[in-house]
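Chains as they are written, first to last, in the working numbering: chain A, 154 to 450; chain B, 14 to 192.
Just so you know, the hints here were simulated from the structure itself, not pulled from any lab data.
These numbers were taken from a predicted model, which means no experiment stands behind them.
Here a beta-carbon is modelled for each residue, glycine too, at the ideal position from N, C-alpha and C.
Watch out, some of these pointers could steer you wrong.
PhoX-like cross-link-like pairs, simulated, lysine-lysine; straight-line CA separation at most 25 Å [claimed, not checked]:
hint, chain 1, residue 1, chain 2, residue 2
1, A, 274, A, 326
2, A, 440, B, 95
3, A, 274, B, 59
4, B, 95, A, 321
5, A, 321, B, 129
6, B, 118, A, 176
7, B, 129, A, 297
8, B, 129, A, 441
9, B, 101, A, 360
Here are the simulated distance ranges between beta carbons [what the hints assert, rightly or not]:
hint, chain 1, residue 1, chain 2, residue 2, range
10, A, 373, B, 104, 39 to 49 Å
11, A, 317, B, 110, 47 to 57 Å
12, B, 104, A, 308, 54 to 64 Å
13, A, 333, B, 52, 36 to 46 Å
14, B, 110, A, 355, 23 to 33 Å
15, A, 170, B, 49, 54 to 64 Å
16, A, 278, B, 158, 51 to 61 Å
17, B, 117, A, 275, 21 to 31 Å
18, A, 225, B, 49, 42 to 52 Å
19, A, 351, B, 104, 16 to 26 Å
20, A, 437, B, 117, 53 to 63 Å
21, B, 192, A, 333, 24 to 34 Å
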Amino acid sequence: MKLLLLIAVLFSFNAYGQDDLLKALDSAKEESDFTIATFKGTRIINGHSAETKPKGTLEFIFSHRFGRISGGWYTLYGLDDAFVRIGLDYGITDRLSVSVGRNSINKTLDGYVKYKVLRQKTGADAFPFTVTTMGGVAYNIYPKANSDIEGFETVDRLAYTGQALIAKKFNAKLSLQLMPTFIHKNAVDHTFDKNNQFAIGGAGRYKLTKGTAITAEYYYNVDRIHPRYYDAIGFGFDIETGGHVFQLVFTNAVGLTERAFITETRDEFWNGDIHFGFNVTRTFQLKKDKKGSKTTP
Amino acid sequence: MRYFLFVAFLFLKISSSISQNRYTVEESMVTFFSDGIVEDIVAENKTVTSIFEATKKDIAFLVRIKDFQFEKKLMQVHFNEKFLESEKYPKSTFVGSIAGFDGSKEGVQHVTATGKLFMHGVTRDIKIPGTIEKQGSKLILKSKFMIKLADYNISIPQVVWQNISEQVEVDLNFTYIPF
């Protein structure tokens, strides 16, 4: 017994090793981390991703859709035509973004507010997915004067979108997203369109390398009443280099507001009426953080 | 027997207080600096923890990769997502011992740390020069060394390589207080 005690006492001098030091550090620290980079950009193909811009960053986004590839040699596979949106996105906080944009289709001005309500995180305080809400408004500058169309009023130019973007990054490569969307258009032709339309979207991305990924996006419009319009579908390829993201896309939609691509897509993807296009973004850091202050992009 | 136990217990207490001549971090700052052709990249991490065992001169560091703060948030995302892959390798550690430190002396002492640096899934034996300054009960540790990215399987995608040099300078600045 005495011997045992003595050994115990002596042993206590060397009762730790270098690795125990590390263990002491490790056990002292268990924090949760917000999941980053669920998607490369704030857009997937035509619609939004759950990503918002980090605080103080400004993103210039230029989206371009050519004409139908099915136009063949006569239209140089659609390259003769162009549908564009030029936009600016800004992060007010890490969770709140605003944007303004101008579309060539119907000369639409659009604006939105996007807020990350819930954030996916791992660790001690884990949460399985991200939920971002988006509220947008689109104003058609076309027609030039109300009097161009009989009975047309200024309010008829407006449309609103409310959307939830529910995203999960399953691993470093795979992210999936669900987008229940509600669109209200102030004025429609009731023979083939409804004022209130609900759509459910699904999208995903799969990273091929550290800087490239393939993407897909589909919006199913539940309130479709006329075969004149089709669901928006798209496939894309993301390339990220430094401050740029290039998204090369193939889609049947040419509009870049929710109103335009979810409710007013006139081409049928499976009929070959596909448009090649791209979204190019450039990010600028306008406000620099005070050194050392902790933020999660 | 009881008396013996008491003495033994006392002895244990004393011995443990000797063997645990430990210091922990009051303030920490790890900075890395990479000078690129287009722009310099600087990041800071103030949440690094460390323990220094002054009797045996053993030291350990634990760095959370996500806590490196960049001025440009997009760079921070790229750093975590593409280069250090912090979701896969959230922590970097160093465990080793310090040679050339005399706890009884005041003032600046030049020391060398030898040990294992674990980063991005790779463990390497390294030797880091530095200084320790004793200020009363506090110890100030400073060090500056280079890390070759290729040594830790950190690859820079072709298109952005011009922006990032193959070596980064790491700066340590720690204030230790008795545990």
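Hints, verified against the model:
1. A:274 with A:326: 16 Å, holds
2. A:440 with B:95: Holds. Residue 440 of chain A to residue 95 of chain B sits at ~24 Å (cutoff 25 Å).
3. A:274 with B:59: Judged against 25 Å, a Cα distance of about 21 Å means the pair holds.
4. B:95 with A:321: Roughly 19 Å between the alpha carbons, so the hint for residue 95 of chain B and residue 321 of chain A holds.
5. A:321 with B:129: Answer violated: residue 321 of chain A to residue 129 of chain B is near 36 Å, above 25 Å.
6. B:118 with A:176: 29 Å, violated
7. B:129 with A:297: With Cα atoms ~71 Å apart, residue 129 of chain B and residue 297 of chain A exceed 25 Å; violated.
8. B:129 with A:441: Distance ~35 Å between residue 129 of chain B and residue 441 of chain A Cα, so the pair is violated.
9. B:101 with A:360: 15 Å, holds
10. A:373 with B:104: 39 to 49 Å: 43 Å, holds
11. A:317 with B:110: 47 to 57 Å: 55 Å, holds
12. B:104 with A:308: 54 to 64 Å: 57 Å, holds
13. A:333 with B:52: 36 to 46 Å: For residue 52 of chain B against residue 333 of chain A, whose Cβ atoms are near 41 Å apart, the range 36 to 46 Å holds.
14. B:110 with A:355: 23 to 33 Å: 55 Å, violated
15. A:170 with B:49: 54 to 64 Å: For residue 49 of chain B against residue 170 of chain A, whose Cβ atoms are near 40 Å apart, the range 54 to 64 Å is violated.
16. A:278 with B:158: 51 to 61 Å: 35 Å, violated
17. B:117 with A:275: 21 to 31 Å: Given range 21 to 31 Å: violated, Cβ gap about 46 Å.
18. A:225 with B:49: 42 to 52 Å: 46 Å, holds
19. A:351 with B:104: 16 to 26 Å: Roughly 45 Å apart at Cβ, these two residues miss the hinted range, so it is violated.
20. A:437 with B:117: 53 to 63 Å: Holds, since residue 437 of chain A and residue 117 of chain B (Cβ atoms, about 55 Å apart) stay within the stated range.
21. B:192 with A:333: 24 to 34 Å: 53 Å, violated
The structure is inconsistent with the numbered hints 5, 6, 7, 8, 14, 15, 16, 17, 19 and 21, although it conforms to all the rest.
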